[in-house]
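Engineer: Residues per chain, in single letters:
2 protein chains.
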Amino acid sequence: MARRNRRTRRIVNAISQLEWRNVVNAYGPINVLDDEQVQTIIDSALGILETSGMRFLEPGSRARLAGAGVYVDPETLMARFDPAFVMEQVALAPSSFELRARNPHRHLQLGTGHHIFASVGGPAFVSDLDKGRRPGTYAEMCDYLRLIQSLNIIHQEGGGPFEAMDLPADTRHLDLYLAQYRLTDKNCQSYALGGIRAKDSVEMACIALETDRDALLEKPALLAIINTNSPLQLDIPMTEAIDELAAAGQVCCITPFTLAGSMSPATLAGTLVQQTAEVLAVVAYAQLVRPGARVMYGSFASNVDMRSGSPALGTPEYTKSALASGQIARRLGLPFRSSNTTMSNCNDAQAAYESQMSLWGSVMGGAHLINHAAGWLEGGLTASFEKLIIDAEMLQMMAEYLRPIAFSDDELALDAIAEVGPGGHHFGTAHTLQRYESAFYEPILSSRENFESWQEAGSKDAAMRANTIWKQMLKDYVQPPLDAAIDEALVDYVERRKQESR
Amino acid sequence: MARRNRRTRRIVNAISQLEWRNVVNAYGPINVLDDEQVQTIIDSALGILETSGMRFLEPGSRARLAGAGVYVDPETLMARFDPAFVMEQVALAPSSFELRARNPHRHLQLGTGHHIFASVGGPAFVSDLDKGRRPGTYAEMCDYLRLIQSLNIIHQEGGGPFEAMDLPADTRHLDLYLAQYRLTDKNCQSYALGGIRAKDSVEMACIALETDRDALLEKPALLAIINTNSPLQLDIPMTEAIDELAAAGQVCCITPFTLAGSMSPATLAGTLVQQTAEVLAVVAYAQLVRPGARVMYGSFASNVDMRSGSPALGTPEYTKSALASGQIARRLGLPFRSSNTTMSNCNDAQAAYESQMSLWGSVMGGAHLINHAAGWLEGGLTASFEKLIIDAEMLQMMAEYLRPIAFSDDELALDAIAEVGPGGHHFGTAHTLQRYESAFYEPILSSRENFESWQEAGSKDAAMRANTIWKQMLKDYVQPPLDAAIDEALVDYVERRKQESR
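Line order of the protein sequences matches chains A and B.
Take the first sequence: its position 337, counted from the start at 1, is 336 in numbering that gives the first Met the number 0, and no numbers get skipped.
Take the second sequence: its position 219, counted from the start at 1, is 218 in numbering that gives the first Met the number 0, and no numbers get skipped.
These are computed hints drawn from the structure, not numbers from a lab.
Treat the hints with care, as some may be off.
The list makes no distinction among identical chains, and a pair is therefore deemed to hold if it is satisfied within one copy or across any two copies.
Unchecked claim - DSS-like, lysine-lysine: derived pairs with alpha carbons at most 27 Å apart: (1) 470 <-> 459; (2) 474 <-> 459; (3) 459 <-> 130; (4) 130 <-> 218; (5) 470 <-> 218; (6) 497 <-> 198; (7) 130 <-> 474; (8) 470 <-> 130.
What you are looking at is a predicted structure, and each value in this text was computed from that prediction instead of being measured.
Here chain A stands alone, though its shape is the one from the complex:
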């Protein structure tokens, strides 16, 4: 199938959607903290790193820190940082950079005014309306990647939409990377669970982009999510990934996963302090791996449901945390990452309003990367085929909202208003007809039918319509061209590495 499609030309999708576009935010941000509060959070975070510190579980990382003069307690494995040292290291991190994609029209700008929308990464399950929720297969994952390629509003693939459970765990990442390069020409995230997976992503990026490590050092192509083990701990696999990626000049998006009330204090202010402390410690560490290492300030601060102890996402607290985190990241001069989240178990109103609360916090918080922007369901346990379409619609609407109101004499339309006069109708005027095709946002998914027509067409809700749409998109999918020699070299690499791991 890949071979056949390789020869076909890119056709226009049957599903109407926005063209690929850079999403720039001319309005934001919303500030929920004052300047002094932002500084207090940063100072408090530095205070924690100075007095208690952060635990580094990987021995090499402790040696590296000690080598740079950071005191590491041999008993507790806690590294205690001098505040001035931390801020010197943070100052080495660039505030913006370009991320290369296989298709040069799809390079990404991170840290400027752009919002990058990335697809869901990492769930254990997949779901759709036909087969329900289940462990996913590689074939299903490839279909999901095809949709990510097809949806123009998605700028970046999120590092594997769900686990391909029919493949061995230790080499699954190789099959993912191969599929990323074959089925999409967008920038794809790396899978940062351990040094081997990170290293393989760098090697395969060199092959796919026909480049080498020296060039990749200058022009990065990979971004990986580095989660701390909150509170105040960095585990071995994540440290290995930082070692590999920072050394190779690739991007570490450092994201504490702090649920206020469990992994962080039951207050937003305290959670922001702890999150900032963890990011700062790991940013400082990454700069020791390679000065000037490209890093991001990632936030995933939400809260637990105090009655059940379960996570609560897409909450008002999440929105405020995203807005506040954006302020802190800007003060530190680091690119900022947030997410589109929901706890809902199905594609209902809750899934949409929690995603909206997350998206508004992310967008108006100035998030340069909005991770899990499309497809995430069930607190991140499931990648949903229907949610992918629903989120794409929401992201398109957000992109349109962010386009400033056009303003000119012609747009003010004084002549048209005078021409139509009182009680008249603008539908057939020359002014309207000139704008017939492009005046307003056209949805992928939203129904504007009247009740009777909608009922006659089967009373299909948004999830049911999304089901029809992703199937149509899969039919219309066109594989982006990939040079046969590159494809072969990627396959060879994967085969060799699988042999080695046997």
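Starting from the known structure of chain A, fit chain B onto it as the hints suggest.
Structural biologist: Okay, now just chain B, sitting in the frame of chain A:
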């Protein structure tokens, strides 16, 4: 039933919800226009009123305008306004005022930093999951009013949630007003279709609040939505309502219903110009009825779907219009009204994301009144029992988002962070336990169950859960006390007026 409940004490609802609260916005607004663009829109609107004018269909209003020196074309019925005259009249309108409710704890502040959330007003149909969509009855409308009373996040009743189709059209408003006063103690909107309905609302407000027209003139208790017939026309019933309400000191919320591409130009800038022209003309007129008349700048600017010609609501254009309209209203010094809208025909993801797009535009546009904030479905043709609950959840989340992050040494939680240490857990700490009950927002509707528990409980989506909730709330409803003499006087008034209209 009313009599029995009158003697019962108010009990705590079985459904957990936020307490009644004033919702104040310390963050906003988002500005989508620059200062010069705002002024250009206002100047362009004044230019239209000067050169083309606005048509006043009611003869008395034309005489009143002519009496004030406004030129009215006897052929076209267009009133042409001198810009300076318009701005002098606008300057007479107060920028804020209090609206009285039957319960003095529920008075409303309009035009200050408060957001007033009003329930849906005016649909032709009602719907719920059990009986589907149908013309509603008075008994059903009373149930809907009971829920509006029960939901603390709703500040104001919206002038009749849907038409009681089992009652005669010409006296139905009397039964509505009686039910408003009996079943709720919140401020309730007046029904502005014609002078008689407006006058009855004033008379019954005097009875219900044990006041008279002189006192009501000082302390208003009624707000009515005055829609222009866009483009640039004011019809007879709406003019009559202005005459009654402005003379009585009550609030006219002047709201053009402009769908760009049909009732206004197919551009947002042009639509904002026309909307502003219409509001300014009617505001000026209301000031002639009574100098200092309380008015609002209402916006209902969205767009048509250019393919079908049908309305499109909760769109990115709607969001931008709301934000821009807020800027214009602030420049004019008028309180601002926006809405919560969707075109969806059921309570699906679309209903939620379109409502969210509307709500964010309204809230961050600084809308003092968010009309149709709860219950609206299907482009305003239907009031949904389930949507009422879904919207209440979204409004509660918005209210929580608007509460600034608490900030103190205790909230920064440095001791708690140090105490728990790396890899620990905050769930059982003293700091967490102190905040156990109030730390985070507790939803009415959102499910945070894991997939298995949710599935075992019947895989209920948000709409199905909302169905359970509104039924429980109806069971738990407690009618607010109303003095028997007042009740009797209201009944007498309604009976007498029905006799007169036979």
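Engineer: Does each hint hold? Answer for all of them.
Structural biologist: Hints versus structure:
| no. | hint | verdict |
| --- | --- | --- |
| 1 | 470 <-> 459 | both (15 Å within a copy, 25 Å between copies) |
| 2 | 474 <-> 459 | within (21 Å within a copy, 32 Å between copies) |
| 3 | 459 <-> 130 | both (18 Å within a copy, 18 Å between copies) |
| 4 | 130 <-> 218 | neither (42 Å within a copy, 61 Å between copies) |
| 5 | 470 <-> 218 | neither (36 Å within a copy, 60 Å between copies) |
| 6 | 497 <-> 198 | within (14 Å within a copy, 83 Å between copies) |
| 7 | 130 <-> 474 | within (19 Å within a copy, 38 Å between copies) |
| 8 | 470 <-> 130 | within (13 Å within a copy, 33 Å between copies) |
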